[in-house]
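S.K.: The chain contents come next:
Protein chains: 2
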Amino acid sequence: MSRKASLSGFHEWLPAERIVEQHVLDTLRNTFELHGFSSIETRAVETLGQLLRKGEIDKEVYAVSRLQADTDQGAARAQDSQDPNRLALHFDLTVPFARYVVENAGHLSFPFRRYQIQKVWRGERPQEGRAREFTQADIDVVGDGTLPFRSDVDVALVMAEALGALPIGDFTIRINNRKLAEGFYRGLGLEDTAGVLRNIDKLEKIGADEVSRLLQSELGATEDQAAQALALAAIRTEDTSFVEQVRALGVTHELLEEGLEELAGVVGELHRRAPGRAVADLSIARGLDYYTGTVYETVLVGHEQLGSICSGGRYDALASKGNRTFPGVGLSIGVTRLMMRMFSQDMARASRSVPTAVYIALTHDDDWSAAQDTAQFLRARGIPAEVAVSAEKFGKQIKYADKRGIPYVWFTSVGEDGAATHQVKDIRSGEQVDADPATWTPPAEDLRPQVLEN
Amino acid sequence: MSRKASLSGFHEWLPAERIVEQHVLDTLRNTFELHGFSSIETRAVETLGQLLRKGEIDKEVYAVSRLQADTDQGAARAQDSQDPNRLALHFDLTVPFARYVVENAGHLSFPFRRYQIQKVWRGERPQEGRAREFTQADIDVVGDGTLPFRSDVDVALVMAEALGALPIGDFTIRINNRKLAEGFYRGLGLEDTAGVLRNIDKLEKIGADEVSRLLQSELGATEDQAAQALALAAIRTEDTSFVEQVRALGVTHELLEEGLEELAGVVGELHRRAPGRAVADLSIARGLDYYTGTVYETVLVGHEQLGSICSGGRYDALASKGNRTFPGVGLSIGVTRLMMRMFSQDMARASRSVPTAVYIALTHDDDWSAAQDTAQFLRARGIPAEVAVSAEKFGKQIKYADKRGIPYVWFTSVGEDGAATHQVKDIRSGEQVDADPATWTPPAEDLRPQVLEN
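These protein sequence lines map, in sequence, to chains F and W. According to full-length UniProt numbering, the residues represented by the first sequence are 1 to 454, in order. According to full-length UniProt numbering, the residues represented by the second sequence are 1 to 454, in order.
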């Protein structure tokens, strides 16, 4: 991370960093699969029509066109930022997933549990925590027509477990519920619930006094209504005691009751199964307007200013096909944002920069094929082994292995009788012992590079 | 594969197909890592200047531009297909790798062994075997200044092993050597060796007579020279006996000798270690002009018309930085091309469409949390488990599991004394037995979806 990207906003990792990233992605994949989520990948491009269905993000989109098309009849079209058939790179994995579900509905079984780990692209101004190309890891559960609320609990449990298995230290999943907030505002007599949410979303940035002023001046709230909305947003509990705190505010509404019950369901179960991982935080608004119930965001403890590293929510109609709708709930991890922070704060590192566990030194150039035999014995038992490409001085060969953190160097010498004797050296301790390529095995922790939490 | 892509040339797999693809990618990764190759990924975009360094492929490139830029000062530039700073999607992994090596040379140890598995994009006309978005899996070894010839043998061995581990049936790696061919042509008195190669490359398409005619009319070869060039291209042996066959043609040249020795080195070692996997095929030319020694291509036996599924070669200067050059040798598997053929010919399939091994049925909606306890016991021991989202009739829950190929359904009933009894049903055999969530384990082959070769 001391290196500067040669193209601003497009990060590339060195081999040792990539090992940490692979560990993170493997861990996520394993957790998702243990919970029965299926992997899918969607194409990198969508039509502008698909991407801009929700309206708001056109400035961030990368359009794609065949270079050849520029110079012929495609020229006009290549410039038309309104053409809905024009292709562009996806900026998240939710919109492509919605299209995939609609297109393949006849081939899927619902509720459909899928995970998707892919790169996405946004033409934003690069800054700390933001990249133009980055990897997301999403899970969603989508139903056909209906989806029980229980899935809202399920996906949060899966993500708490997945994030808990990563070398990222402590985190907090902050959970709220749109129904709770909207019901409360309506119970208060504030009908422009989206407007209230939009202002509450500014709390961290502009403070309570300014939000109160805006609620009164922009939305016509009374001072008391504004105070009540702010009191709601101030509630934050690790267990379900938020329910009593909300009730104490004296507002009643049917939707509020529904929201309280749902949020208590999610937070209660998380509190029981993953204590300390989640809080009910009634200030969480989440910008995107298609969420209809539970909303989640996640901060790394001690790195709150990084923003959310895992967000999502419930949407009652992510996708629809004729009069068939597909409600869903999901969460998305910003893997690249996490990696950037992990590297810049030195939170984790790989025990070596290559997969190789054993480096087979060459005594003579002619021994290469015999050395490959040794390597083959080791690989057949799952031990990554690499043969030197030329018979340089042993000191140089050991240095080559040491530089990459390869723990073992293997030496073979052929006696006058043609019999080979083998020795293996642990270059960390210097210890060198006789070894048989068909049976010698390193300790399990030396087999593959380990990712060490600092 | 009976489904049509919603965007021509951009294929997306169903969950069960994706399991087969994941198996292929995992197998490749494992083989590459056992041989000490490091993973890297490069950004999806390169500058046009980088991409078009070799000249020939501009028509196939997808240019990328921020949608916003279209409507302001970027408009002119977004249209300029000559602007070397303009961004475009990479069309292979070799050009980006070369840039990566030059940029990060100070952070890498040479010879640098890397593998890279990523999507690439080409704006070609889609047809059988060709897609506009496809996954490539590359290995390369790159040296700093020099790279021993031995690496040419090494990468071919790794690929023979990697392809041999895939459910794709028989394949043949066809190997030739540029030095051999060029030395032979020079020894014959034909100096335009690139011209001869270009015509020999057309052999399969237009036949020997027509190639002979072109060699004479275009390159001024005599009938005898043309016959000799064609005689060379007709040589094909599984072992090193091609050397004698070439010598029997009576042509001598220093470069020819070097080429013969190198090709014998590769083919001899492959014949010894992976018998039947490789042939010396002296008709192989490979279009790209930067190869300088060994060239490889690979066909699936019985699917030769699909074209090469794994190609590459030796390049003496893939990349350079000032007067420092980085010679390399590598091979690239066309994973998507392989997947398309595997699916269209029904060569392999997943044993089920989801990772889930055990589906936990619900007797009452209130049991959900208790069912999660059971699931957690199973997952902790690496058994993928999924809990039903609602307590529907058992028949319906079993049908849901069966439809996805989940082998086991788990039932829990709580007695009047509050004690739970557990049973697990193998829905293939119908057998149902008592089971303890803390100890019950399915056979290893039921743990994760298996990929079965048809």
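Since the hints were derived computationally from the structure, they do not count as laboratory data. Be aware that one or more of the hints could be misleading.
List time: in silico DMTMM-like cross-link candidates among lysine to aspartate or glutamate, alpha-carbon distance up to 25 Å [said to hold, decoys possible]:
#1 F:K119 x W:E60
#2 W:K396 x W:E431
#3 W:K321 x F:E431
#4 W:K202 x W:D192
#5 F:K205 x F:D224
#6 W:K399 x F:D346
#7 F:K119 x W:E223
#8 W:K202 x W:E124
#9 F:K119 x W:E445
#10 W:K119 x F:E12
#11 W:K205 x W:D144
#12 W:K119 x F:E304
#13 F:K396 x F:D417
#14 F:K403 x F:E416
#15 F:K403 x W:D144
#16 F:K403 x W:E124
#17 F:K119 x F:D426
#18 W:K202 x W:E223
#19 W:K403 x F:D224
#20 F:K205 x F:E304
#21 W:K119 x F:D170
#22 F:K202 x F:E161
#23 W:K396 x F:E392
#24 F:K403 x W:E33
#25 W:K119 x F:E392
Here are some of the chain W residues that sit facing chain F, going by a computed Cβ distance under 7 Å [said to hold, decoys possible]:
#26 S6
#27 A63
#28 S65
#29 V102
#30 D346
#31 M347
#32 S351
#33 P355
#34 R379
The beta carbon of each residue, even a glycine, is placed where N, CA and C say it ideally should be.
S.K.: Now look at each hint and say whether the structure bears it out.
M.R.: Structure-based check of all given hints:
no. : hint            : result
1   : F:K119 x W:E60  : 22 Å, holds
2   : W:K396 x W:E431 : 18 Å, holds
3   : W:K321 x F:E431 : 40 Å, violated
4   : W:K202 x W:D192 : 16 Å, holds
5   : F:K205 x F:D224 : 22 Å, holds
6   : W:K399 x F:D346 : 49 Å, violated
7   : F:K119 x W:E223 : 56 Å, violated
8   : W:K202 x W:E124 : 21 Å, holds
9   : F:K119 x W:E445 : 32 Å, violated
10  : W:K119 x F:E12  : 15 Å, holds
11  : W:K205 x W:D144 : 39 Å, violated
12  : W:K119 x F:E304 : 34 Å, violated
13  : F:K396 x F:D417 : 28 Å, violated
14  : F:K403 x F:E416 : 34 Å, violated
15  : F:K403 x W:D144 : 16 Å, holds
16  : F:K403 x W:E124 : 43 Å, violated
17  : F:K119 x F:D426 : 39 Å, violated
18  : W:K202 x W:E223 : 18 Å, holds
19  : W:K403 x F:D224 : 56 Å, violated
20  : F:K205 x F:E304 : 13 Å, holds
21  : W:K119 x F:D170 : 34 Å, violated
22  : F:K202 x F:E161 : 30 Å, violated
23  : W:K396 x F:E392 : 68 Å, violated
24  : F:K403 x W:E33  : 18 Å, holds
25  : W:K119 x F:E392 : 38 Å, violated
26  : S6              : 5 Å, holds
27  : A63             : 5 Å, holds
28  : S65             : 6 Å, holds
29  : V102            : 10 Å, violated
30  : D346            : 16 Å, violated
31  : M347            : 20 Å, violated
32  : S351            : 14 Å, violated
33  : P355            : 4 Å, holds
34  : R379            : 4 Å, holds
Violation of the numbered hints given earlier is confined to hints 3, 6, 7, 9, 11, 12, 13, 14, 16, 17, 19, 21, 22, 23, 25, 29, 30, 31 and 32; the remaining hints are satisfied by the structure.
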